[in-house]
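Once you've looked at the hints, dock chain H against the given chain E.
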Amino acid sequence: MAVCIAVIAKENYPLYIRSTPTENELKFHYMVHTSLDVVDEKISAMGKALVDQRELYLGLLYPTEDYKVYGYVTNSKVKFVMVVDSSNTALRDNEIRSVSAGDWRTTPGWWMFRKLHNSYTDVMCNPFYNPGDRIQSRAFDNMVMSMMIQVC
Amino acid sequence: MADALLFEFLLTEMVAELWPQDPDPARGGRKMNLSVLEGMGCHVGQALGERLPQEMLAFREELDALKFLCKDLWVAVFQKQMDSLCPSHQWSLSMASGLQYLDEAPKFLAFTCGGPRGTLSTLGIESLVTASVAALCACKFQAVIQKSQGPLGHPQLSLTTASGPHPLQVNSRCFGPETLATAFGGGLRARAGHRMLKKWV
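Residue numbers (our numbering), protein chains in the order written: chain E, 56 to 207; chain H, 102 to 302.
With the rest of the complex left out, here is chain E:
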């Protein structure tokens, strides 16, 4: 179960950030902020890596004792960061990275990021939305809440 989901613009400011237990929100904000460094590191490492490693899904960024942080970056350099409870063993994104590229796409983590990406694209296509503003779409909110309360 995701406890915090954040959408970060390419200039590294948050477009949307939502966490489930509303106390200690600042702790999650801080975690997301520190994960941006790891994201940048992975992106620049991806630039120097082999051709077949150009993926949008960045995988596990770093684990802490209570939580794990996963990342995903779009082609427009918008980052999605998800903080997940460590006790949730169903979301094993870092394990299924086999040789053939197709397998890791079946992990629930990847699908969650795809849903996020699709909803974000819908928000961008809204003509009343100016790119760079905070995301205030109810449809996006509902999708994020459904992702946070579902038990994988």
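If you are wondering where the hints come from, they were derived from the structure by calculation, not from laboratory data. Accuracy of the hints is not assured; some may be wrong.
Claimed, not checked - Straight-line alpha carbon distances no greater than 27 angstroms define the calculated DSSO-like cross-link-like pairs of lysine-lysine that follow:
| id | chain 1 | residue 1 | chain 2 | residue 2 |
| --- | --- | --- | --- | --- |
| 1 | H | Lys-208 | E | Lys-132 |
| 2 | E | Lys-65 | E | Lys-123 |
| 3 | E | Lys-97 | H | Lys-168 |
| 4 | E | Lys-65 | H | Lys-168 |
| 5 | E | Lys-132 | E | Lys-97 |
| 6 | E | Lys-132 | H | Lys-172 |
| 7 | E | Lys-65 | H | Lys-172 |
None of the values given here were measured: they were computed from a predicted structure.
Frame of chain E, contents of chain H only:
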């Protein structure tokens, strides 16, 4: 095919609305209207720049983004392949079939100029796209990429497409109307534009 007609009507009405016979000088006159049209095209381009690369792998460098623009975006929007890639970018398209329409052409091109500019800005490349109608049945777009080191370092890119003469009206086939309507509709399947309204709150 109905989507293509819908977009053509929409574009015609937009231009008719924003290009009045007596421009209001207090609001900047016709130049402001052209920039409104170009801004609209830019927003559409930004949305396309989000939606079209969704299924693709990450762009590692600027070259990948340009390749996407030349191949995928171009085919999706204009339904034509790029013929050549030269150091100075000029897109040519088949359009007007009569000299008397050459004066009318620029106002229809404003929206089309905004499209690639919006897509490039989503992919992280600031640029300036201008259009010129040089001859019959052809018009050229030029994209100037603005590099961060200042105005001196801007390479000009050139792309040309096959421009066979089509006996069409001036305001049609300027842009890929079907794909614009479908991009709004969410995905590359053909859907009418009104379905996009359901996705917004």
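Structure-based check of all given hints:
For the given pair, Lys-208(H) sits about 33 angstroms from Lys-132(E) by alpha-carbon distance, which is inconsistent with the 27 angstroms threshold. With a C-alpha separation of about 22 angstroms, the suggested pair Lys-65(E) and Lys-123(E) falls inside the 27 angstroms cut-off, and the hint holds. A C-alpha spacing of about 23 angstroms is found between Lys-97(E) and Lys-168(H), which places the hinted pair at or below 27 angstroms, so the restraint holds. A distance of roughly 21 angstroms separates the Cα atoms of Lys-65(E) and Lys-168(H); the hinted pair therefore holds under the 27 angstroms criterion.
For the hint pairing Lys-132(E) with Lys-97(E), the CA-to-CA distance comes to about 13 angstroms; that is within 27 angstroms, so the pair holds. Distance check on the hinted pair: Lys-132(E) and Lys-172(H) sit about 21 angstroms apart at the alpha-carbon level, within 27 angstroms; holds. Only pairs whose Cα atoms come within 27 angstroms are accepted, and Lys-65(E) paired with Lys-172(H) is accepted, the gap being roughly 24 angstroms.
Checked against the numbered hints above, the structure violates only hint 1.
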